[in-house]
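Protein chains in written order, with the working numbering: chain A, 33 to 407; chain B, 33 to 407.
One or more hints might be untrue.
No copy is singled out in the list; a pair is fine if it fits within one copy or between any two copies.
[As the list claims (entries may be wrong)] In silico lysine-lysine, DSBU-like type, Cα no more than 30 Å apart, as pairs: (1) 272 <-> 79; (2) 245 <-> 292; (3) 177 <-> 292.
Think of the hints as simulated: they come from the structure by calculation, not from any bench.
There are 2 protein chains.
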Amino acid sequence: MSKFGKMKESSRESMSAVSLSALNDAGLSPREVDSAFYSNAFGITEKQLHIGPLINTSLGIPEKPSIAIESACSSSSAAMHEAYIHIASGADDICLVAGGEKLSHLSTMEATSYFAMGSDYAYEAINGVTFPGLYAAIAVAHMNKYGTTQKMLASVAIKNHENALSNPHAHLHRKLTEEAYLESPVVAYPFRLYDCCPFSDGSSAVVLASEEKARELKDELVEVAASERAGSVATLQERKDITGIDGAELAGRKAFRKAKISPSEIDVAEVHDCFTIAEIIATEDLGFFKKGKGGEAAIQGETALGGSLPVNTSGGLKAKGHPVSATGAAQLHELYEQLLQKSGNRQVEGAEYGLAHNVGATGGSCTVHILKRRR
Amino acid sequence: MSKFGKMKESSRESMSAVSLSALNDAGLSPREVDSAFYSNAFGITEKQLHIGPLINTSLGIPEKPSIAIESACSSSSAAMHEAYIHIASGADDICLVAGGEKLSHLSTMEATSYFAMGSDYAYEAINGVTFPGLYAAIAVAHMNKYGTTQKMLASVAIKNHENALSNPHAHLHRKLTEEAYLESPVVAYPFRLYDCCPFSDGSSAVVLASEEKARELKDELVEVAASERAGSVATLQERKDITGIDGAELAGRKAFRKAKISPSEIDVAEVHDCFTIAEIIATEDLGFFKKGKGGEAAIQGETALGGSLPVNTSGGLKAKGHPVSATGAAQLHELYEQLLQKSGNRQVEGAEYGLAHNVGATGGSCTVHILKRRR
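For reference, chain A alone in the conformation it holds in the complex (with noise of 0.2 Å):
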C-alpha cells in the first residue's frame, strides 16, 4: 500500500505502482496475473472512468481482462472477492487487486457531496443528509438503547489514534487525548471532528494466487479462509433497526461458517470505522462482543493493542486514513503483515487468524475476509 494522506499521483499512477510493488513482494511479474479487479469509485472527480485498461498498459499487460468493481467503501473488499471466486472457479491462477482514490483535490464540501452519492441520493443525501448525520443517528441510536456515552466513542478514536503511530503508511500521526477530543467541534451531534474518518488519498493492492501457484511463490502464504459478501436495507429510515447493520452480521456469519471458526478464535481484526460508533457496533455484528457491549469493551481497553481482541491496530479508516476505494485492501494488507508477524511495535503476538470487515455506505454492501496464516 501507498503512504495515506496527501499525494500527488493520480489514482491510476498510485495504483499502478501498489499493483507492481504487491507483484514484486509475490515474486510475480505482471506477465503472470490472469485478471486485473480494480476499484476507484470516485474515479470521476479526476475525469476518469475504465481505469482498468490504463493500469493494465502502464503494467505492461495491455492484453489482459479488468474490471472496475465499485461498491462504495467496501469497493476493493468487494473486488477482492471477485479474484477469490475466479480463482474457485478455476478459470484463473492469479489475480491482481487494487483500490485507490485520489479527493484531495476536492474541497471537503465537494468530497462530502460526491461521497454523498453512495447512500441513496434522492431519500437521503437530496434531503441534506450526509454520512456524518446518517452514522450520527446511528451513534444516537445506539447511545440511546444501550446507555454507549461520548467517553466510550472517544476511547475508539484515542486507540486508533495512538496504533496508527507505529503504522508508516497511516495518514494521521497524532496521538489524541481525551481533551483533545473533548475540545474538537461538534460535526453532527454526538460526533466531534476526532469520531470521523479523514478524507485520504491513497493506494493499496493484494495478489490472490490458487494454493498449488501460491506453494510454488512462498514458504509462508497467508490463506483466505472465506470471503462473503451481504447487504442490509439500502436506507436507514427503512430499516426496523439501526443500533447494528444487518448486512455485516449475515456476512460475518457466512464466513465463520465458511472458516469453520468462532468470532472467539480470531485475533486481530481491522473493522469499518468509518466513524467511532462504527467500530462499536461492527464488533458487536461481527459476535466479538455482546449487542449493546462494543462501547463497554473498547473503553475497557479489550480492542486495544494487548486487549482480548485488539481491532484496527492499523490505525482504522479513523487514523490510518479513509481513501475510499483502496480501504478495503489496505485491511487485508494490514492483516497480511499481520499474519505474518511483519506488524513491528503493533505486532499482535502469534496472531494466526485475521478477519477485515468492510461496509459500503451504511451498510447496503458489507464484505466480511478470514485469513489465516499458513506455514
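Since the structure of chain A is already known, use the hints to place chain B on it.
Same frame as chain A, but now just chain B:
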C-alpha cells in the same frame, strides 16, 4: 429490456423494472437470486453511486450481495462474465445481471464529455479528442490501408436502421437512405451524423442459472458456450496498428476455442457498432471476414438479414441505441430471442449459435460471449 430512447425513470427504477421482468420470464422470484451484478457507468450524472443495495431493496432482497461493475461501454458484458464465473465456481446457482443508463438529462456536449472519461483522459480527452474523433481516426486508417469507402460505412448504418424498424425496443425507428446519409452533417471526418450511435436511455437484464437449475425452470434454454474477456493498449497513439482491436481478436479466439466452434458456425452476431467502422472491424477481428474485407461484406449484404451472417439484427448500437451500461446485456437479450426463434420479422431462421461482441472505449476492454440454443 426496456424500450431504448428517452425515459422518465431514473436508472435505479428502470434497472429494477427490467430485473423483475427478466426474473419473471425465468419463472423465478427475486429471493432465488444468489448474487446481483449491476452496471451503471454514468450513474454519477444522476448523483447515484452504490446502486446495488437500492435495486436489491426495491426487489425485496436487501440481504443479497450486489456489486457495480464498470468497463466503459462493455460494462454489462463484464458483469455477465462475473456472473458466469460465480456460477462456474459453484458459489452461486442463480445470478442477476442488469445494466442501465439515463443520459437524456444531459446536453449532447455534457454527454460527450462524460463519455470521454472512458478514454485516457490525461492523454486523449484533455487534448480535445472525444470518441467520434478516436473512431474517425480508426476509420481513416482502415480506409487508407484497405480502401474501405464511405459508401461501405453508409451500408452499415442503412442496414442497422432497417433492422431496428422491426425491433420494438429500438431507439431509432427511421428508415435511412443513402441520400439522407450523405446529406447529414459531418461530425468528424469521415463520419457523418448517421455513422454515430445516438445517446440513449435504457436498461436490460439477464438471468443466469447453473445448468441444473436452468433445467428445472425451462424446457428451451440458451447456454453460455463461452464468456471470454481480453484487453488492448489503452490509447490509440500507443498501438502499432489501429485498423483492428487486439483485445477483440484475442477475446474472440479464446471464445471460439472455449465453445469448440469456428467463426463460420455462428448464425447471428451482435457486435459493438458505436460507429459504423466499429462494426466493420468487429467482423474482421472476430474472423467472420478477412482483414480489410469487412466493408465489402457489408455493402454486398453479407451481414444483412438473409446474408451469410446477419449482424446486429437488433439494429445495433447504431439504431437500437446505446445506453452505455445497458448495451452488453441488450446484445444478449437479442441473441436470447434469436436463439429461441422469438425475433419476429428479423428472425434468423434456425439460428443455433449467436455471438455478442462488446467493446469498452476504443477496445481497452473487450468481451465476447457465444450463446447456443439448447433443447
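For each hint, the structure was consulted:
In this assembly of identical chains, the alpha carbons of residue 272 and residue 79 lie at most 30 Å apart only when taken from different copies (26 Å versus 39 Å within one copy). In this assembly of identical chains, residue 245 and residue 292 lie within 30 Å of each other by CA distance both inside one copy and across copies; the values are 24 Å within and 28 Å between. Proximity of residue 177 and residue 292 under a CA criterion of 30 Å is satisfied in neither setting, with 32 Å inside one chain copy and 62 Å between copies.
Of the numbered hints listed earlier, the single one contradicted by the structure is hint 3.
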